[in-house]
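Q: So the chains spell out like this:
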Amino acid sequence: MTTADVALEHGYSGHRGVTRWLFTTNHKDIGTMYLVFSLAMFFVGGAMIMLVRAELFQPGLQIMQPELFNQLIGVHALVMIFMALMPAATGFANWMIPLMIGAPDMALPRLNNWSFWLLPPAALLLLMPFALALFGIGSGAIGTGWTFYAPLSVQDGMGIDFAIFAIHLLGISSVMGSINIIVTIFNLRAPGMTFMKLPLFAWGWLITAFMLVAVIPVLAGAVTMLLADRHFGTHFFSAAGGGDPILFQHLFWFFGHPEVYIVLFPVWGVTPHILSAFARKPIYGYRAQVYAFWVIGVLSVVVWGHHIMTTGMPTGALLYFMYSTMAISLPLSVLFFCWIATIWRGAMTFEAPMLFALGMIVLFGIGGLTGLVLADAAADAQYHHSYFVVAHFHYTLFAGGIMGVMAGVYYWLPKMTGHMYSEKLAQWHFWLTAVAFNLTFMPQFFLGLAGMPRRIPDYALQFSEFNMISSIGAFVLGASQLLFLYVVVKCIRGGPPAPAKVWEGAQGLEWTLPSPPPYHTFQVQPRVE
Amino acid sequence: MLLGAITTAIPWPVRAELAWNFPAPATPLALDTLQVHNKFMVITLAIFAVVFAIMIYSIFTHRKSRGVEPAKFTGPGTAAQVFWTTVPFVIFAGIDFILMGIPAFHSVQMMQDTRTDADMVIKITGSQWKWQYEYPDQGIKFVSTLATPQAQIANREKKDEHYLLEVDNPLVLPVGKKVRILLTSTDVIHTWWVPQFGVKRDAIPGFIRETWALIERPGIYRGQCAELCGRGHGFMPVVVQAVSEPDYRQWLAQKKAGQAAQAASAGHVWSRGDLMKHGEELYEKICAACHQASGQGVPGAFPALAGSKIVNGPMLDAKGLLVKDGHLDRVMNGKPATAMQAFKNTLSDVDIAGVVTFERNSFGNHMGDMVQPSQVKTLR
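For the record, the sequence lines run as chains A and B. Read left to right, the first sequence gives residues 0 to 528 (numbering that gives the first Met the number 0). Read left to right, the second sequence gives residues 0 to 379 (numbering that gives the first Met the number 0).
With the rest of the complex left out, here is chain A (with noise of 0.2 Å):
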């Protein structure tokens, strides 16, 4: 089906030792950067979390103030989509379109490497105040929450300002990502490579892209315009100067509800290939998966409202945001239907990528199924801002993203390294991972429905149980993820050596290459019948 040259082999670009990863033009080393980046703050966001879960432990105040409180929650957020989540679907991006579409590199290969240089100053800027304020100087980090309300940012402390260029870097380094993933899958494809037969990781990439080319501009005015009332006496988001605090709920969920979307389709992208090799049968229903990407990439930019239906919005508006979001499940259920036909009559094994995807459709089952309530306008005053939305996004962004990057991760790890991970450590992750992570947020949607706000560093009596069993949910959770970690690195590190096709089942260009794929990838492109 396809013909690869590879026997050529480029040599590196001249750098050596820390200058090669600072100048690095290649695709996968700027897709290693972002792996491991992202690795890294995981485990930073993590941290954050296990700090806040030990102060949730029992009621009472413990082991920190309300302001820490405020400021691990939301930099918790706020490291977790845009540094842990993110760069990981970026990673795959760099790493894997270029071999699946038969492209040599990265259409704009100095603009790659900018996109992810920029991330670790981003990541600086964001973290530093909780340094600084050690220090005495200013009052800690962002302490609103990651999406960072106006008009409580407007008199916050200085950590709003460090969280507001962060966000700037982010969201040029996202916005250029971006514009080199559509160039790249526009332009490099290998002849013969139809869009109908462009793979749905990159598929899924590619409408991502247009998304955050959309509405990553959005934020970037909407902090510039907090930036200018903090500093620059406007008024955009105070009543008393003439502007409106709720526009600032408006501008940050226009972004803010398809970026749900933005973390997830790179990991929709990826399920069907696992699926489908690990069921040793071709992908179910290509066109109608390609085509709910569209409809909810669309659909995703036209629902922000149902963020913010307790702010009193009229009747007709209310009623307009619960439909067109309940309309998301319609195109939600085509993925669904077309990944469990694709497993359908298949000869399925069960190695780690094929359990993570496994897992991720059934606990993202639950995130999605608990949407669909929670569009309801009246039901939803109930769920808002309570325990119930917490446990809700978990189980979309924990399940349906992290878990998927997970899949993603034991798929390709023997591709990019070239040896093959610990099966027997990889399963333990999974089983340790999936029943902790529903110990952790389970107990959460009943926390909801009892009446606990979200964000409060104490709670009533009432809420003491479930909080107990969440947070040692969660303690087991975050040391699951250190296996992770391990077999991570003994995989880099060595292990028995992966062939060119490293699962039976598995379909496309990127296993026609050796394990680990040569330097410069392809010197004669591919060609695609």
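What you were told as hints is all true, and nothing was included just to trick you.
When the alpha-carbon atoms are kept at most 27 Å apart in a straight line, the in silico DSSO-like pairs for lysine-lysine are as follows:
1. B:LYS122 to B:LYS376
2. B:LYS63 to A:LYS423
3. B:LYS318 to B:LYS343
4. A:LYS500 to B:LYS71
5. A:LYS196 to B:LYS71
6. B:LYS176 to B:LYS254
7. B:LYS177 to B:LYS255
8. B:LYS284 to B:LYS308
9. A:LYS500 to B:LYS63
Residues on chain B that point at chain A, a partial pick, calculated with CB under 8 Å:
10. ASP95
11. GLY222
12. HIS232
In case anyone wonders, no lab produced these hints; they're calculated from the structure. All C-beta atoms in this analysis are idealised placements derived from N, C-alpha and C, irrespective of residue type, glycine included.
On the provided structure of chain A, position chain B as indicated by the hints.
A: What follows is chain B alone, placed relative to chain A:
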């Protein structure tokens, strides 16, 4: 079930009933929400069960270890298959827009109808970190703050049953009356939430928002602020005491008498000792959340009062008018874009005079002067 068994077996520090669903509804809106929620949960659980039963069947049956030969299909081939792939889609659309969509439509209509047949109006103003309740028809207003002692929060004392869900002045409402609730805020966005009323609505500075409650039986209903509003967000409870109509009348009369007595006392000349005493009580309730009980503030976030230039500076100029950014001006008018709010609308003349006098003569500040409530009254 399993969780239930585990939680009964473990000797928890505090035993309480485990709640698996919304608390018992006390208003028609809460009842409607509960019914809609239960219905949705049954529907979604049924979808979950069906979809994952199919998936689990497939996982157990279509295994390589059972020697099955994988099929090759990539989409619906025959007309029958096309039909069966459209069925789930149509079912989902029906569930979304008919089974769930129609009851949801009626709930929303009900939730939004704040004015029809309303018997009375309550105005609620959120500020960091207290609620002010105002009865415009009766000319009464008062501030409601957390009553849980700091020692319980800091784990130095045993926690009471209603830890963090208790206030000094609850909102008192009559049962059987439709109460139209107007909400606003003085500083940041807060959210007024009482789970048993099915009510959660934002209080937004500069805007008026509405909701409503018709409480069906007497009782004490507890909730909390639901929008992150700064460090005191977890310590901003809502307590509503629902009483019978006669009891409500009696409470109104008492409250009015108390308020009249306080207004009259503003005209008296107060002694510094009495003002200090009154001011200290208020300081602990209202100011200590930011400036701390010691008056030292929180470095970088809330300024210290001890040794502060403002507190130890002039309040009134030669003409007896407010010095701009002076101590009294700060307390009465606040500082825009900071957590320091204008207290002239939430505190009485006596309260302001007391707090200012207290602050000027405590925490090592020795100004030795005082403000009379009558002065505050003329400066408003």
